[in-house]
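Taken in order, these protein sequences are the chains called A and B. When you line the first sequence up against the numbering used here, it's residues 1 to 196, in that order. When you line the second sequence up against the numbering used here, it's residues 197 to 392, in that order.
Just to be clear, a hint being listed does not mean it is correct.
Below, computed lysine-lysine pairings styled on DSS-like, alpha-carbon distance capped at 25 Å [as the list claims (entries may be wrong)]:
| hint | chain 1 | residue 1 | chain 2 | residue 2 |
| --- | --- | --- | --- | --- |
| 1 | A | 171 | A | 186 |
| 2 | B | 382 | A | 190 |
| 3 | B | 250 | B | 203 |
| 4 | A | 143 | B | 203 |
| 5 | B | 250 | B | 201 |
| 6 | B | 343 | B | 386 |
| 7 | A | 186 | B | 367 |
| 8 | B | 386 | B | 339 |
| 9 | B | 382 | B | 367 |
| 10 | A | 190 | B | 339 |
| 11 | A | 186 | A | 143 |
| 12 | B | 382 | A | 186 |
| 13 | A | 54 | A | 7 |
| 14 | A | 38 | A | 7 |
| 15 | A | 147 | B | 203 |
| 16 | B | 250 | A | 171 |
| 17 | A | 147 | B | 386 |
| 18 | B | 382 | B | 339 |
| 19 | B | 234 | A | 186 |
| 20 | A | 190 | A | 143 |
| 21 | B | 339 | A | 186 |
| 22 | B | 343 | B | 367 |
| 23 | A | 38 | A | 5 |
| 24 | A | 143 | B | 382 |
| 25 | B | 203 | A | 54 |
| 26 | A | 190 | B | 250 |
| 27 | A | 190 | A | 147 |
| 28 | A | 190 | B | 343 |
| 29 | A | 5 | A | 54 |
| 30 | B | 367 | B | 339 |
These are calculated hints, taken from the structure and not from any lab test.
There are 2 protein chains.
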Amino acid sequence: MRVSKEKAAENRIALLRAASQLFRQRGIDGVGVAEVAKAAGLTHGALYAHFPSKEALVAEAFAFGFDSNMVGVREWAEASHRSFDEYLDVLLSTEARDNLETGCPMTASASEIARQGDDVSTRFVNAFEELVSTLEATLMEIKPRAKRRRLAVAAVTAEIGAIAVSRAVAKANPTLAEEVLESTRKTVAKSRAALP
Amino acid sequence: MRVSKEKAAENRIALLRAASQLFRQRGIDGVGVAEVAKAAGLTHGALYAHFPSKEALVAEAFAFGFDSNMVGVREWAEASHRSFDEYLDVLLSTEARDNLETGCPMTASASEIARQGDDVSTRFVNAFEELVSTLEATLMEIKPRAKRRRLAVAAVTAEIGAIAVSRAVAKANPTLAEEVLESTRKTVAKSRAALP
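Chain A with its partners taken away, still in its complex shape (with noise of 0.2 Å):
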């Protein structure tokens, strides 16, 4: 049976939100793809017509929950003038930890990707310059460029490294966990504030 032109991007949209947020919630080597066409609703046929490998659908269905996060970033952005500090409040929240299938595909899958493969590895870096970039238009009174990128991408970084690790505690000790959030605050915003 053919498919029209709309109904393949309809169905092309479910199998990229449903793996998406699959591979967020229970990691990419822990879902096949037969269980995302599943949840799409859709045929393992219908899958393969959108995506010739799992290798595929797992960098398009990255770029895909990043770029969505990235909407209502943008959005809480342009509502008024975000300062770093302001951004640090949001990517280090409770909420932010606690909202594992909807929240940030780099910290949800940060230590799987280095086991996938190149394309994967683009997507990824795509997504963490988008955010570095993000951070660095709040810290243009930084210069040289040098030292703002630098601070920028530690803060990116320290944000997954903190998400990750708190999320690993949170079962044994959430005491540790709500520590580990606030210690990555408190430390990039005081690096920060030692900037002009």
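Given chain A, work out where chain B should sit, using these hints.
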């Protein structure tokens, strides 16, 4: 066939070594218990005699991998008085980044731990606290203790993020992979320098 106590202890070590390397290399969800038994040269049944569930194996393999590495860290630290910055150099080195299957299990499995059970979370907490205490011991001039602890917690968290991110981007952008390590190293070192 009954196995002597000595042989049983040997088998257990072989299983933990195989499991801890495979889980780091290919991900916790990427490796089944049958594969671990095979890599250790043992049967499925022999594995279950030692570890009643995959969760039990994952928890003990995590602790085994971490403890084995800490033996090396302690030897290195005892050779001379090591400073906080020297620890950063080692923890955030390209060698640490490129050493996946025998490197730090916290960095190798960071984002995967949240999906495991309480036992694995407990082992992660223990490992995290041990590395925090090790760094804190190089910061004894910093008073009050809360400030020392905060920096040590933020440093270990940043290290876990930096190694995971550096590995994630290495295939697509090796220059960024180095920049992530360097930016984190310099930023954390400055946080330390800003304190007494």
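The hints, checked one at a time:
1. Proximity of residue 171 of chain A to residue 186 of chain A is assessed by CA-CA distance (about 23 Å); at most 25 Å being required, the pair is judged to hold.
2. Straight-line distance between C-alpha atoms of residue 382 of chain B and residue 190 of chain A comes to about 14 Å, which keeps the hinted pair within the 25 Å bound.
3. Note on residue 250 of chain B and residue 203 of chain B: the hinted pairing holds, with a Cα-Cα distance of about 22 Å set against a maximum of 25 Å.
4. A distance of roughly 64 Å separates the Cα atoms of residue 143 of chain A and residue 203 of chain B; the hinted pair therefore is violated under the 25 Å criterion.
5. For the hint pairing residue 250 of chain B with residue 201 of chain B, the CA-to-CA distance comes to about 23 Å; that is within 25 Å, so the pair holds.
6. Proposed proximity of residue 343 of chain B and residue 386 of chain B is supported: the alpha carbons are some 14 Å apart, at most 25 Å.
7. Proposed proximity of residue 186 of chain A and residue 367 of chain B is contradicted: the alpha carbons are some 32 Å apart, above 25 Å.
8. Distance check on the hinted pair: residue 386 of chain B and residue 339 of chain B sit about 17 Å apart at the alpha-carbon level, within 25 Å; holds.
9. For the given pair, residue 382 of chain B sits about 23 Å from residue 367 of chain B by alpha-carbon distance, which is consistent with the 25 Å threshold.
10. Annotation: proposed proximity of residue 190 of chain A to residue 339 of chain B holds, straight-line Cα distance about 17 Å (limit 25 Å).
11. A threshold of 25 Å between alpha carbons decides the hint, and for residue 186 of chain A with residue 143 of chain A the separation of about 22 Å falls inside it, so the pair holds.
12. Simply put, residue 382 of chain B and residue 186 of chain A have alpha-carbon atoms about 17 Å apart, close enough for the 25 Å limit, and the pair holds.
13. Distance check on the hinted pair: residue 54 of chain A and residue 7 of chain A sit about 22 Å apart at the alpha-carbon level, within 25 Å; holds.
14. Only pairs whose Cα atoms come within 25 Å are accepted, and residue 38 of chain A paired with residue 7 of chain A is accepted, the gap being roughly 17 Å.
15. Between residue 147 of chain A and residue 203 of chain B, the direct Cα distance comes to roughly 57 Å. Violation of the 25 Å bound is thereby established for this hinted pair.
16. A hinted pair counts as satisfied when its Cα atoms are at most 25 Å apart, and residue 250 of chain B with residue 171 of chain A qualifies at roughly 18 Å.
17. Our distance criterion of 25 Å between C-alpha atoms is met by residue 147 of chain A and residue 386 of chain B, whose separation comes to about 12 Å.
18. Simply put, residue 382 of chain B and residue 339 of chain B have alpha-carbon atoms about 22 Å apart, close enough for the 25 Å limit, and the pair holds.
19. Simply put, residue 234 of chain B and residue 186 of chain A have alpha-carbon atoms about 47 Å apart, too far for the 25 Å limit, and the pair is violated.
20. Distance restraint check for residue 190 of chain A and residue 143 of chain A: the Cα-Cα separation of roughly 17 Å lies within the 25 Å cut-off, and the hinted pair is therefore satisfied.
21. At most 25 Å may separate the alpha-carbon atoms for a hinted pair to count; residue 339 of chain B and residue 186 of chain A meet this at roughly 17 Å.
22. Simply put, residue 343 of chain B and residue 367 of chain B have alpha-carbon atoms about 37 Å apart, too far for the 25 Å limit, and the pair is violated.
23. The straight-line distance between the Cα atoms of residue 38 of chain A and residue 5 of chain A is roughly 21 Å, inside the 25 Å bound, and the hint therefore holds.
24. Proposed proximity of residue 143 of chain A and residue 382 of chain B is supported: the alpha carbons are some 17 Å apart, at most 25 Å.
25. Between residue 203 of chain B and residue 54 of chain A the CA atoms are separated by roughly 42 Å; this puts the pair beyond 25 Å, and the hint is violated.
26. Between residue 190 of chain A and residue 250 of chain B the alpha-carbon distance is near 42 Å, which puts this suggested pair outside the 25 Å criterion.
27. For a cut-off of 25 Å, the pair hint linking residue 190 of chain A to residue 147 of chain A stands: about 14 Å separates their Cα positions.
28. A distance of roughly 12 Å separates the Cα atoms of residue 190 of chain A and residue 343 of chain B; the hinted pair therefore holds under the 25 Å criterion.
29. Restraint check for residue 5 of chain A and residue 54 of chain A: satisfied, since their Cα atoms lie roughly 23 Å apart, inside the 25 Å limit.
30. Taken as a hint, the residue 367 of chain B and residue 339 of chain B pair is broken in the structure, with Cα atoms around 42 Å apart against an allowance of 25 Å.
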